[in-house]
Amino acid sequence: MGLTLKDVDKVVGREIYLKDINLHLEPGSRNVILGRTLAGKTTLLRIMAGLDRPGRGRIRVGEKDVTGVSVRKRNVAMVYQQFINYPSLSVFNNIASPLKLAGLKKDEISRRVNETAAMLHIEDLLDRLPAELSGGQQQRVAIARALVRETDLLLMDEPLVNLDYKLREELRIELQEIFVRGRAIVVYTTTEPTEALMLGGNVIVMDEGRILQTGPTPEVYRHPASIRVAEVFSDPPINFLKGTVASGSVQIGERMTIPLLGHLRALGDGAYTFGARSNHLFLTPNNEDDVKIPARVELTEINGSETFIHARYDDFRLVVQEKGVRHVAIGSDIDIYVNPAGFFAYDADGILAAAPA
Amino acid sequence: MARIELSKIAHSYHPNPAEPADYALKRIHTVWKDGGAYALLGPSGCGKTTLLNIISGLVTPSRGQVLYDDRDVTPLPPEKRNIAQVFQFPVLYDTMSVYNNLAFPLRNRKMSDARIKERVLEVADSLDLTPFLNKKAAGLAADAKQKISLGRGLVRSDVAAILFDEPLTVIDPQMKWELRRKLKEIHEQLKLTFIYVTHDQTEALTFADQVAVMFEGEIVQLGSPQDLFENPEHRFVGYFIGSPGMNFLKCTIEGASAHIDGAGCIELAPEIAEKGRKADGKLEIGIRPMYLKIHTRWTKGMLKAGVKGVEDLGSYRIVTLDVAGRTLKAMLSESEAVPEGTVGVSFPRQWIRLFEDGWLIK
Amino acid sequence: MEKWPDNKAWLLVLPVFVIVAFSAIIPLLTVINYSVQDIFGPGQSVFVGVDWFREMLQDYRLREALWRQFLFSGLVLIIEIPLGVLIALAMPKRGWKASAALVTLALPLLIPWNTIGTIWIIFTRPDIGLLGAVINNLLGIPFDHTASPLDAWITVMLMEVWHWTPLVALLAYSGLRAIPEAYYQAARIDGASAWSTFLYVQLPKMRGVLTIAFLLRFMDSFLIYAEPFVLTGGGPGNSTTFLSLYLVKIALLQFDLGPGAAFSLIYFIIVLLFSFIFYQALQRVGKGETV
Chain A
1 MGLTLKDVDK
11 VVGREIYLKD
21 INLHLEPGSR
31 NVILGRTLAG
41 KTTLLRIMAG
51 LDRPGRGRIR
61 VGEKDVTGVS
71 VRKRNVAMVY
81 QQFINYPSLS
91 VFNNIASPLK
101 LAGLKKDEIS
111 RRVNETAAML
121 HIEDLLDRLP
131 AELSGGQQQR
141 VAIARALVRE
151 TDLLLMDEPL
161 VNLDYKLREE
171 LRIELQEIFV
181 RGRAIVVYTT
191 TEPTEALMLG
201 GNVIVMDEGR
211 ILQTGPTPEV
221 YRHPASIRVA
231 EVFSDPPINF
241 LKGTVASGSV
251 QIGERMTIPL
261 LGHLRALGDG
271 AYTFGARSNH
281 LFLTPNNEDD
291 VKIPARVELT
301 EINGSETFIH
311 ARYDDFRLVV
321 QEKGVRHVAI
331 GSDIDIYVNP
341 AGFFAYDADG
351 ILAAAPA
Chain B
1001 MARIELSKIA
1011 HSYHPNPAEP
1021 ADYALKRIHT
1031 VWKDGGAYAL
1041 LGPSGCGKTT
1051 LLNIISGLVT
1061 PSRGQVLYDD
1071 RDVTPLPPEK
1081 RNIAQVFQFP
1091 VLYDTMSVYN
1101 NLAFPLRNRK
1111 MSDARIKERV
1121 LEVADSLDLT
1131 PFLNKKAAGL
1141 AADAKQKISL
1151 GRGLVRSDVA
1161 AILFDEPLTV
1171 IDPQMKWELR
1181 RKLKEIHEQL
1191 KLTFIYVTHD
1201 QTEALTFADQ
1211 VAVMFEGEIV
1221 QLGSPQDLFE
1231 NPEHRFVGYF
1241 IGSPGMNFLK
1251 CTIEGASAHI
1261 DGAGCIELAP
1271 EIAEKGRKAD
1281 GKLEIGIRPM
1291 YLKIHTRWTK
1301 GMLKAGVKGV
1311 EDLGSYRIVT
1321 LDVAGRTLKA
1331 MLSESEAVPE
1341 GTVGVSFPRQ
1351 WIRLFEDGWL
1361 IK
Chain C
2001 MEKWPDNKAW
2011 LLVLPVFVIV
2021 AFSAIIPLLT
2031 VINYSVQDIF
2041 GPGQSVFVGV
2051 DWFREMLQDY
2061 RLREALWRQF
2071 LFSGLVLIIE
2081 IPLGVLIALA
2091 MPKRGWKASA
2101 ALVTLALPLL
2111 IPWNTIGTIW
2121 IIFTRPDIGL
2131 LGAVINNLLG
2141 IPFDHTASPL
2151 DAWITVMLME
2161 VWHWTPLVAL
2171 LAYSGLRAIP
2181 EAYYQAARID
2191 GASAWSTFLY
2201 VQLPKMRGVL
2211 TIAFLLRFMD
2221 SFLIYAEPFV
2231 LTGGGPGNST
2241 TFLSLYLVKI
2251 ALLQFDLGPG
2261 AAFSLIYFII
2271 VLLFSFIFYQ
2281 ALQRVGKGET
2291 V
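Protein chains in written order, with our numbering: chain A, 1 to 357; chain B, 1001 to 1362; chain C, 2001 to 2291.
The shape of chain A in the complex, shown without the other chains (with noise of 0.2 Å):
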């Protein structure tokens, strides 16, 4: 069954939490929720859950109207940031605990409850007690027990968020294989875009409470529709020229004129904003089309694979991610080399108005 909200708000005194939220999730699907801290992302977990009741709007799964029933009557389960188990039981009970509550019989619930452990490999941790595990095995048990009722909507608020980073890579790939062979809608928040792409699915880019778009993830990552989506899906930081478009180019700071190509050329005349992230810039040309762009280098970070320089041309700042490792000198010029062709172009409002295909 889907899931959908239509026109939910929450207020809590003057604050807004949720404004004008419509969504549709299928039955099955990936949807990760992707905004930064104090995006909303909770609350709307915590509405679609039945924790909360939104201050306005209807919440329906299939054609049934849930909007105000408590969590104990809907099938959901939910994943949180801290890794809640119960203390006094073993793991085995722990994941057990939502079974034996369902009332089903007790080979039933062995059966199923080896099975989850199984899939996230705890099951040689059953006989132990919460506190004796490591931070990993404990939220392991948390996502064992919230997968083991296959409830039709399984919900995880930023779930990794506070495990090891290599622990998180590993739990993504399983999580991401567990997802596809499930049938609850998942919905997954996090405020890393790197583990939106990684996870795949649906994406749901929330800012300032409000959802600003939506779509299968490749997708939103590379035709973000404003602004802001660019900046919250992009890490690292997605590179912006503000420029003029005038008789067929466009004036960016003093020393920069781009002829207009391609998809740019069907803007209008008046000011934009070009956005490019930072893996689409590099040091030397690529392709006959790259324009120049004259900036001074004020920091550069090594990664071992990677090379990243920060330079600034006239007001706007640069981050340029180059494969390998490149010394480059602070404070030296340099010539960083784009494609036009990958511009994203918004308007005046932040809204996009011309992407590459």
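Don't take each hint at face value.
To be verified - Only pairs whose alpha carbons sit at most 27 Å apart, straight line, appear in this in silico BS3-like list of lysine-lysine:
1) K166/A - K1080/B
2) K1110/B - K2205/C
3) K1110/B - K1080/B
4) K1282/B - K166/A
5) K64/A - K19/A
6) K1008/B - K1033/B
7) K1033/B - K1117/B
8) K1362/B - K323/A
9) K166/A - K1275/B
10) K292/A - K242/A
11) K1117/B - K1080/B
12) K19/A - K106/A
13) K1135/B - K2205/C
14) K323/A - K1308/B
15) K166/A - K1250/B
16) K1182/B - K323/A
17) K323/A - K1293/B
18) K1293/B - K1275/B
19) K2008/C - K73/A
20) K19/A - K6/A
21) K1362/B - K1250/B
22) K100/A - K73/A
23) K166/A - K1182/B
24) K2008/C - K6/A
25) K1135/B - K1117/B
26) K2093/C - K2008/C
27) K1275/B - K1300/B
28) K1026/B - K166/A
29) K1182/B - K242/A
30) K2008/C - K1080/B
31) K1304/B - K1293/B
32) K1080/B - K2205/C
33) K2008/C - K64/A
34) K1026/B - K1008/B
These are calculated hints, taken from the structure and not from any lab test.
Put chains B and C on the given structure of chain A with help from the hints.
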């Protein structure tokens, strides 16, 4: 300014440690150069926070010495060492203004008001905190708060080293770039010794000139980010650095090639192959995903592989390959064609590393 | 169509409403009703408007009792809050010692209030009481709370402090335990003295629990009845006749229901007013954008 020497440090939280497993730190013996940017990188429980606390003086090691510029400071508490620390979560004096927060360490050291003002304004300026000076620290965003924590260290002219304990944990991804950039700028400017503890390889590698990778209470490798990436001395470093980590394949050496059981042969550099032939331990070859080359057609010298999955990560793709039952990960840039079906995988010779019992053969 | 399938939940709250109605709202209305009537007997009453309020506000004994009450509550707060914080700071932080200290501290809180009065009567008796005998016989200072108003005050204060400081200490202790270790570490690195650490780390972090302690102790001490009633009965003379003791004297012993009711309402409003003022003031401490 200080050069920090850790001399034969071992530490156990048990009162009577008996076996190696009782030690949070087994044997740390290393020197941090004055003015360097260092990172301690490792998974949780590897001992990196213990080591940081030993450097700062919050923990006294069970064995060994800590030397600042050849002066033994092992028994000294943190306030007697010239260090400052930035914690995982912003630690501020909530009731004070930003100005007073920054002035606090100086007031405690009985500096004159005029001198304090000068220092605070200077530091606030370099951290972009000037507009907030009269605000209460409690009401600010997480990144501003972390800058104040850092500022409380920077105001002190006697500070030789600043220690960071996962300082970006509560910061949003985009702001992490800003803050890290600020840290690097400050480091360039002041040339203080920075020691940065984290489990996040991106943070460690981009921040530090030298990264110490820790595992089970030991420093497995101390090297530049490039070194760690290209020449991991242990398979743990290969796995832990890079995302995804290094690919490993068990092999035997036959002539100048590595023979992968059931999958074929990969040609090695002659000197590597020779060392491999002399080794008697368990051998593995390792190669970074970004160096693997995928070809639509298999030819001699490649391994045959099936494409199991392709993940689109925006700026690049990760291809999961099946080579005779073993999994390999390869990375493709955004513009490269997406492979499917059966492909050939070639291993560029200069990027193949050979490991014996987990250790790099050099 | 609006439908809230969960409306049944309100039924669960109903008993609370009923209880609150019987325990608070109905008595309050009754008191208001009494306060504007002169009652001669069952079924015989005359409406008198605000006469009783006027009379009570002009009653010098009430005013005396009110000042006495303020002095008492003021002393209670001045002594118990700092003392409680001090005890909390001195308490062991972990292990069996911490548990032992907590249990010891909680003992006075577990004793019934009227028993406390009795305990202190015996404790301070000049002939057989441990404290009274020591002061009188060993130190040679005449001390008798039944004869000297000052001695009576000292005894009541001692009893009050002994009885309720543990509550403040327990609250402060819980506040202290909730401060993350990193704050202490940062303060050490910043070179803060123990006093600065207390002032800028511990005290601000205890603000919430201390606000609660402050309000609880103010209201409780302002309404104090059982212990001084048992211990001194309001004497000697009227020296320890606090508001509640005087109220009971008017309303129950003299059976002046109208003035008693008016008195109660004035009393009620004072408590409400001061609690509100204190709460607002304490909330403001350490908040606000600019300094």
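Hint check:
no.: 1; hint: K166/A - K1080/B; verdict: violated, 36 Å
no.: 2; hint: K1110/B - K2205/C; verdict: holds, 25 Å
no.: 3; hint: K1110/B - K1080/B; verdict: holds, 15 Å
no.: 4; hint: K1282/B - K166/A; verdict: holds, 25 Å
no.: 5; hint: K64/A - K19/A; verdict: holds, 23 Å
no.: 6; hint: K1008/B - K1033/B; verdict: holds, 17 Å
no.: 7; hint: K1033/B - K1117/B; verdict: violated, 31 Å
no.: 8; hint: K1362/B - K323/A; verdict: holds, 25 Å
no.: 9; hint: K166/A - K1275/B; verdict: violated, 32 Å
no.: 10; hint: K292/A - K242/A; verdict: holds, 15 Å
no.: 11; hint: K1117/B - K1080/B; verdict: holds, 24 Å
no.: 12; hint: K19/A - K106/A; verdict: violated, 45 Å
no.: 13; hint: K1135/B - K2205/C; verdict: holds, 19 Å
no.: 14; hint: K323/A - K1308/B; verdict: holds, 26 Å
no.: 15; hint: K166/A - K1250/B; verdict: holds, 22 Å
no.: 16; hint: K1182/B - K323/A; verdict: holds, 23 Å
no.: 17; hint: K323/A - K1293/B; verdict: holds, 15 Å
no.: 18; hint: K1293/B - K1275/B; verdict: holds, 25 Å
no.: 19; hint: K2008/C - K73/A; verdict: holds, 14 Å
no.: 20; hint: K19/A - K6/A; verdict: holds, 11 Å
no.: 21; hint: K1362/B - K1250/B; verdict: holds, 18 Å
no.: 22; hint: K100/A - K73/A; verdict: holds, 16 Å
no.: 23; hint: K166/A - K1182/B; verdict: holds, 26 Å
no.: 24; hint: K2008/C - K6/A; verdict: holds, 25 Å
no.: 25; hint: K1135/B - K1117/B; verdict: holds, 16 Å
no.: 26; hint: K2093/C - K2008/C; verdict: violated, 46 Å
no.: 27; hint: K1275/B - K1300/B; verdict: holds, 24 Å
no.: 28; hint: K1026/B - K166/A; verdict: holds, 23 Å
no.: 29; hint: K1182/B - K242/A; verdict: holds, 24 Å
no.: 30; hint: K2008/C - K1080/B; verdict: violated, 64 Å
no.: 31; hint: K1304/B - K1293/B; verdict: holds, 12 Å
no.: 32; hint: K1080/B - K2205/C; verdict: holds, 26 Å
no.: 33; hint: K2008/C - K64/A; verdict: holds, 20 Å
no.: 34; hint: K1026/B - K1008/B; verdict: holds, 9 Å
Going through the hint list in order, the structure does not satisfy hints 1, 7, 9, 12, 26 and 30.
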